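*Asks:* First to last, the protein sequences are chains A and S. According to numbering that gives the first Met the number 0, the stretch in the first sequence is residues 0 to 689, in order. According to numbering that gives the first Met the number 0, the stretch in the second sequence is residues 0 to 164, in order.
It is worth saying that the hints were derived from the structure and are not from the lab. Computed from a predicted structure; not experimentally measured. Worth double-checking, as some hints may not be accurate.
Below, a list of computed lysine-lysine pairs in the DSS-like style, where the Cα atoms sit at most 30 Å apart [stated by the list, open to error]:
#1 S/Lys41 with S/Lys116
#2 S/Lys25 with A/Lys28
#3 A/Lys28 with S/Lys51
#4 A/Lys28 with S/Lys130
#5 S/Lys106 with A/Lys28
#6 A/Lys464 with S/Lys71
#7 S/Lys41 with S/Lys71
#8 S/Lys162 with A/Lys28
#9 S/Lys106 with S/Lys116
#10 A/Lys534 with A/Lys281
#11 S/Lys71 with A/Lys28
#12 A/Lys566 with A/Lys534
#13 S/Lys25 with S/Lys41
#14 S/Lys162 with S/Lys93
#15 S/Lys126 with S/Lys93
#16 S/Lys45 with A/Lys28
#17 A/Lys28 with S/Lys135
Residue-level listing of the chains:
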Amino acid sequence: MNLPPKTLALMLALAASAASAAGTPSGTKISNVATASFTDPNTNAPISDPVQSNLVQTSVLPKPDFDTVYSDGTDGTTATTPSAPDYDIKNVLPGANVDTSYILVNLGNVNNQPITIAPNTTGTVTPVPAGSVEYYLGSVSPANLITGSIPVPVDDPLTPTDEGRVTIIQRIKVPTGAAAGSQYSVSPQASGDQWNGSAVVPAQEPAGDLQYTRASVTSPSVTVVPPIDTVPGTPAPEPTTPGTTPGDPDPANPVPVYPDPTTPGTTISVDPTTGSQKAYPKGDLDTTSDVVKFISAVKNNGSLPDTVALIPPTGLPTGVTVQILDGSGNPITKDANGNYPLGPIPVGGSAAYQVVVTYPDPDGVGNSGSPVPVVIGVDSSNDADLLPNSSATFTTFPAQQVFGDTVNPGGTADAGQVPSQGVVPGASTGTGNSATDSSATFPMTVQNTGGYAEAYTLTGSVDVKLVNGTTVPVPVKYYLDANNDGVPDSATPLTGGLTLSVPSGGSVHVIAVVDIPANAASTTANGGSAPLIVKQTSVGTYSGNTRSDNNDQIVVGIVGNGLSITKSTPPAARPGDDLPYTLVATNNYNAALKNFVLTEKGGVTQGATTTNLFTYSTFKTVTGTASFVGKVLYRFNNAAWQTSAVPGLVPSTINQVDVGVDTNNDNTIDSNDAVPSGGVLTVNFTTTVK
Amino acid sequence: MKRSTPTLLLALLVGTALAQASSPLKLVLSQALVQTTTQDGKTVEKLAPDPKSVLPGAVLEQAVTATNTLGKVMANVTVNLPVPVGTVYLNSLKSAETVQTLFSFDKGKTFAAAPLKKTITVTENGKAVQKEVEVKPAEYTNVRWVLGELAAGDSLKLGFRVKVN
C-alpha cells in the first residue's frame, strides 16, 4: 500500500524469483546448522560424517500490508478520472448492473490476512444510494456475495506464482429511476492490519490510493425529423420537395412539402428543424368527416439503440380522432402505458411512422374551420421516465368561408339577409345605392374563417325578363370596397371577379352591381311582385370551397309613358255621309295592361267639350286588330262580349261600343286579359252622320 | 509457507549432539540481529544476539567458530554453512587470508570461488542463444570455507550476513 504502481508491478514480477515481495511468511522459523569436515589423523582420510554445529533458529514476525488494484495492477484514480475504458463505463441503462473486476493484494507476510472491503463514493457526481454497491468473491453469484472480511493468502516465496491475490467483483446497481446523464463513481476501499514501520495497526486504503469505477447513464436523444419517404409502398424513397403552401407569406423561399398520399390534393409542409407539419386540405362537396395522413419519422441521435414510445394526443376537440401507424401504415399495438412503441431504432438511424387525423368537415352544421393541432410526443426507452424527450405538432388547416350580404357594424357576411334593390329601367347605370338608376347594388362580404389565406372568385347572374317576353341573363360585376363604406373604391370592377388573397380570419368587402337593361319588364305591375333573384357564388381559389348567396332581390319599377290613344280625324261630312276614323291604343308601359277596354261613346268630357258621337251619327262598322296574340271581342251597349263585329242591336240604338282583346280565349274581357307592353290595338270605326 | 521442519530438525539436533560429543573439531554457530541506528549523524551498528523473532527485511549475522581440540594439527578442514531458507546472502564476514571462501548456487552440489558463472538461454534475433552470465550473490545457496590446516587449539570464526525475505 502507498507504493507507486511501478514499484508494485516490479515487486510482483520479482515474486516469480526466489525473493518474495511480501517477505517470508509470518511464523516461518529460519533455522541453520553449520557442518565441517577434516582429515581424520587416525585414518588419514576424511572423517566419515561431517561435524555439525548447534542449531540456531528465529521466527519471522508478521508484517502485514495490503492493497486493492485494478485488474492490470494500477490504482490511484479519482471519481472523475477512472481507469478508462474498462472502468469508465458509458451508456449505461437505468436499472443496469455495472460489474468491474479488482484484485485484493496481500502485500505483507501474514497468511489469510482478513481484509474488509467497503464502497467509497467520494467525488461521485450523482449520489450513490445506500445498498447500491455489492462485492463478490471471484464471480457474481448469490453464494459469492461478500458479507464479512476476506482472507487473502500470503504469497509462497518458493513458487513462481503470486498466491497473495484474490479477485473480487464490484457491482454497482444503477437505480431504475436514474436520470439521463447521471454518473455514479465507486471505488472499493480495503481495511485491515498494516505494519506502520514500528507496529501493526488497523489501516484503510487512503484517499489517494483508490481505484474508481464510473458508470455513466446514457443520455438518449430522439428527434422528430421530416419524412424519409412520403409515398410508402413504392420502391424508391421519395422525400419532400421544395414548394409553397396557400397563403405562404414568403413564396420566394420554398419550404419542404409533400402531398398527402391518401388525398394528393392536400399539401403538407414540414418544418425541417422541429419535424412539425402543417396540412392544407381542399374543400369537398360532402359533409362527412375529412381525413389527413401525415408521414413522419423519428431519428435516434443517442449512443444506444432505442425503442421509442409515441405518445398519443390528449384533449382533442369534439369529433377529432387520431390514429398512429407504423411506417408501412399498419396499426401499432399499444404498450402497457397506452403508448405506441416504434423501433428498435439503431444509433444514427430513423424509423418512419404515420399520423392519421380525422376531423369534422367544415361544411357540416356547427363545425368550425379552426385549425386542428395534434401533438405527438416521443419518449425514449433508454431513460427512466415516461415523459416525452421530443414532440412534434401535426396541424390541419381546414378551408372555410362565409359569403353573403355585408352586415354592419362589423362587416360580417350573412347570406340569410334578403335585401331588395329597386331599379328604373332605362335610367342611367350607377354603382351607388340609388333606387332611381337602372343598376342594383348589393354590398357583399367574404369572410375567410378557414385556416389559411386564399383568394376568392366571385360570380353572379340575374335572369331578367324583358318587355318582349324573353329572359336574358345579366352578369354581376364586383367592385372592391376595401373600407366597407358601401362605395366602390374604383371605377374598375375586379377582373374575373377575383379578389386578392384574404388572410385567415380576414374578410374582403365588395359591391355587387347589376345593370338592368332598359327593356326590362316591371316586376311589380298589376298587383304582382316577382322580384328578380340574384344568384351569387364565392369559390376559394385553393380550396375550391364554394358558398352561395341566392336570395338578393331586384325590383323593376313601372316605366313608360303609359297608354297612348290616338284618334284620326275624319274628314268633314254631310248628313248621310260616313265618318271613318281609326283609334290606335298603345301600351307604352313596361308591364302588361289588364282589363283593357277601348270604348267609344258619347258624353266624355275633355276640357270644355263633351263628346256627342252617337247623338249626331249612327254606328255603322267597327273592326279591331291587335298587334299581339288574342281574339278581338266587341261589346255593344254593355251587352255581352261577342266575337262578331256586327251588333245584334239596331245600329241607331247603339250608343257605346267596346273593343277588347281576349288573350286567354275565355270570350270575355277581364283582368285575365293582358295587353302586353308595347302591344297595339287598332280599331277602325265608321259612323254615319245623321 | 508450508514446511514441516520440526521432525527433521529434531533428528538433526540429536545427530548434532552425538557428532559434537565425539568430534575433535568443535563448531559453535551463533546468530545475531544486526541493528542499525544513527547516533550523532553516524551510522552505528549493534548486534543483538539470538533474536527469537525477526521482521521480514531484518539482517541476521550468522557466525560459526571452528576450534581444533585434537591436540595436533588438523588437515583439510572445511566448514559449510547453508544460506538459510527464507533469507538471501548479503556478504561474508572477514576471514583469515589463508581461508578460501567458495560459494554454491545449486544447493551445495558444486562450489566455486566468486564470481560464479552460469549459462542461460536467451532469445536474440528470434534465435535461442546460450550466454554465460555472473551469478549474483543473492542467488548463493551455500557458503564453504576451506581452512586447510588448523593448528592444535586454534579457533577460526567464519560467517556471513543474510537478509530475511
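*Asks:* None of the hints should be skipped; say for each whether it holds.
*Replies:* Going through the hints against the structure:
no. : hint                   : verdict
1   : S/Lys41 with S/Lys116  : 37 Å, violated
2   : S/Lys25 with A/Lys28   : 25 Å, holds
3   : A/Lys28 with S/Lys51   : 10 Å, holds
4   : A/Lys28 with S/Lys130  : 37 Å, violated
5   : S/Lys106 with A/Lys28  : 19 Å, holds
6   : A/Lys464 with S/Lys71  : 175 Å, violated
7   : S/Lys41 with S/Lys71   : 45 Å, violated
8   : S/Lys162 with A/Lys28  : 14 Å, holds
9   : S/Lys106 with S/Lys116 : 15 Å, holds
10  : A/Lys534 with A/Lys281 : 24 Å, holds
11  : S/Lys71 with A/Lys28   : 39 Å, violated
12  : A/Lys566 with A/Lys534 : 46 Å, violated
13  : S/Lys25 with S/Lys41   : 38 Å, violated
14  : S/Lys162 with S/Lys93  : 18 Å, holds
15  : S/Lys126 with S/Lys93  : 44 Å, violated
16  : S/Lys45 with A/Lys28   : 23 Å, holds
17  : A/Lys28 with S/Lys135  : 25 Å, holds
Against the hints set out earlier in the document, violations occur for numbers 1, 4, 6, 7, 11, 12, 13 and 15.
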